[in-house]
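Spelled out from the first residue to the last, the chains are:
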Amino acid sequence: QLVESGGDLVQPGRSLRLSCVASGFTFEDYTMHWVRQAPGKGPEWVSGIGWNSASMAYADSVKGRFTISRDNAKSSLYLEMNSLRAEDTAFYYCAKGPYASGTWYFDVWGRGTFVTVSS
Amino acid sequence: IQLTQSPSSLSASVGDRVTITCRASQGITNYLAWYQQKSGTVPKLLIFGASTLQSGVPSRFRGSGSGTVFTLTISSLQPEDVATYYCQNYNSAPPSTFGQGTRLEIK
Chain C
1 QLVESGGDLV QPGRSLRLSC VASGFTFEDY TMHWVRQAPG KGPEWVSGIG
51 WNSASMAYAD SVKGRFTISR DNAKSSLYLE MNSLRAEDTA FYYCAKGPYA
101 SGTWYFDVWG RGTFVTVSS
Chain W
1001 IQLTQSPSSL SASVGDRVTI TCRASQGITN YLAWYQQKSG TVPKLLIFGA
1051 STLQSGVPSR FRGSGSGTVF TLTISSLQPE DVATYYCQNY NSAPPSTFGQ
1101 GTRLEIK
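Chains as they are written, first to last, in the working numbering: chain C, 1 to 119; chain W, 1001 to 1107.
Since the hints were made in silico from the structure, they are not lab data.
Don't take each hint at face value.
Claimed, not checked - Below, in silico cross-link-like pairs of lysine to any residue (SDA-like), each with a Cα-Cα straight-line distance of 20 Å or less:
id, chain 1, residue 1, chain 2, residue 2
1, W, 1038, W, 1062
2, W, 1044, C, 40
3, C, 41, W, 1009
4, W, 1044, W, 1075
5, W, 1038, C, 38
6, C, 63, W, 1092
7, W, 1044, C, 87
To be verified - Across the chosen pairs, the derived CB separations fall in these ranges:
id, chain 1, residue 1, chain 2, residue 2, range
8, C, 1, W, 1058, 17 to 25 Å
9, W, 1100, C, 119, 27 to 35 Å
10, C, 98, W, 1015, 20 to 28 Å
11, W, 1006, C, 56, 16 to 24 Å
12, W, 1027, C, 9, 27 to 35 Å
13, C, 53, W, 1015, 47 to 55 Å
14, W, 1004, C, 40, 17 to 25 Å
15, C, 116, W, 1069, 49 to 57 Å
16, C, 23, W, 1041, 14 to 22 Å
17, W, 1002, C, 12, 37 to 45 Å
18, C, 64, W, 1076, 47 to 55 Å
19, W, 1026, C, 24, 24 to 32 Å
20, C, 28, W, 1038, 26 to 34 Å
What the hints assert, rightly or not - Covered stretches of chain C, as calculated for chain W (at least 3 residues, CB under 8 Å):
id, region
21, 6-16
22, 56-63
Ideal Cβ placement from N, Cα and C applies to all residues, glycine included.
So here's chain C without its partners, still in its complex pose (with noise of 0.2 Å):
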């Protein structure tokens, strides 16, 4: 239902933009996220985004850096990653909220993509 794709082997400092496409739910009426794992690690919440675009957050980590977005009309959900640095090396799941407003738990994963920051 979530399919993610763009992870890359990618030179520290560059960007690259991640796509996720959902099918079998209403889209448009639900917050969607990206959830990353490192190899060995526990999950950690990146970003989200509201149902209408009107809000959207992000982590410490990546703020100032990322920029999440999604397409209602496409249902699809996008992560622009820019300066990347090492540490954003993992799986880079799409996730979905529950509610269409709200950061709270997830309930519906894709398979993920995976992002090698790395010279």
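Given chain C's structure and the hints, the job is docking chain W onto it.
Below, chain W without anything else, positioned relative to chain C:
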């Protein structure tokens, strides 16, 4: 808000009752979720609101607690329950935080 899980790993026998604890650095009422992550797969929501079982999750999983101390209990451990379990706080989120995980194995 920091979440601390204990133990970090445990080994138990099939049929055992297993309990995992998650402690919050400050009160979060009941804004806590539990996830199960099997090796090579994505996290799966088990419980939200500290004690509400997600649809499709076996009834042997039970969540309890409020404020700063929460527990996930598996009443009778099954082989398919081998996984890492994470708690997640969503009180006053964002940001939302996760615990460091508890790895559960079969003895």
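Hints, verified against the model:
Among the hinted pairs, residue 1038/W with residue 1062/W is consistent with the structure: their alpha-carbon atoms are about 18 Å apart, no more than 20 Å. Of the pairs offered as hints, the one joining residue 1044/W and residue 40/C holds, with about 17 Å between alpha carbons and a cut-off of 20 Å not exceeded. The suggested pairing of residue 41/C with residue 1009/W holds, with an alpha-carbon distance near 14 Å, which does not exceed 20 Å. For a cut-off of 20 Å, the pair hint linking residue 1044/W to residue 1075/W stands: about 19 Å separates their Cα positions.
For a cut-off of 20 Å, the pair hint linking residue 1038/W to residue 38/C stands: about 15 Å separates their Cα positions. Distance restraint check for residue 63/C and residue 1092/W: the Cα-Cα separation of roughly 18 Å lies within the 20 Å cut-off, and the hinted pair is therefore satisfied. Distance hint between residue 1044/W and residue 87/C is unfulfilled; the C-alpha atoms sit about 25 Å from each other, more than 20 Å. Evaluation of the 17 to 25 Å hint for residue 1/C and residue 1058/W yields a pass: the beta carbon distance comes to about 22 Å.
Checked against the hint of 27 to 35 Å, the C-beta distance between residue 1100/W and residue 119/C comes to roughly 29 Å, which is consistent with it. A beta carbon spacing of about 33 Å between residue 98/C and residue 1015/W contradicts the range 20 to 28 Å that was offered as a hint. Checked against the given bound of 16 to 24 Å, the beta carbons of residue 1006/W and residue 56/C, roughly 34 Å apart, lie outside it. Between residue 1027/W and residue 9/C the beta carbon distance is about 43 Å. The supplied range of 27 to 35 Å is therefore violated.
Separation of residue 53/C from residue 1015/W is about 50 Å and conforms to the stated range, judged on CB atoms against 47 to 55 Å. At about 18 Å, the beta-carbon gap between residue 1004/W and residue 40/C stays in the expected band of 17 to 25 Å. A hinted range of 49 to 57 Å for the beta carbons of residue 116/C and residue 1069/W is inconsistent with their spacing of about 38 Å. For residue 23/C and residue 1041/W, the Cβ-Cβ distance of about 20 Å falls inside the hinted range of 14 to 22 Å, so the restraint holds.
Here the CB-CB span from residue 1002/W to residue 12/C is close to 29 Å, at odds with the stated 37 to 45 Å. Between residue 64/C and residue 1076/W the C-beta distance comes to about 49 Å, which sits within the given range of 47 to 55 Å. Roughly 37 Å separates the CB atoms of residue 1026/W and residue 24/C, a value that falls outside the hinted 24 to 32 Å. Between residue 28/C and residue 1038/W, the C-beta spacing of about 31 Å keeps the proposed range 26 to 34 Å intact.
For the region 6-16 of chain C, the stated coverage by chain W is not satisfied: 0 residues place a CB nearer than 8 Å to a CB of that chain, which falls below the threshold of 3. Residue count for the region 56-63 of chain C with a Cβ under 8 Å from a Cβ of chain W: 4. That meets the three needed, and the coverage hint holds.
Checked against the numbered hints above, the structure breaks hints 7, 10, 11, 12, 15, 17, 19 and 21 and satisfies the rest.
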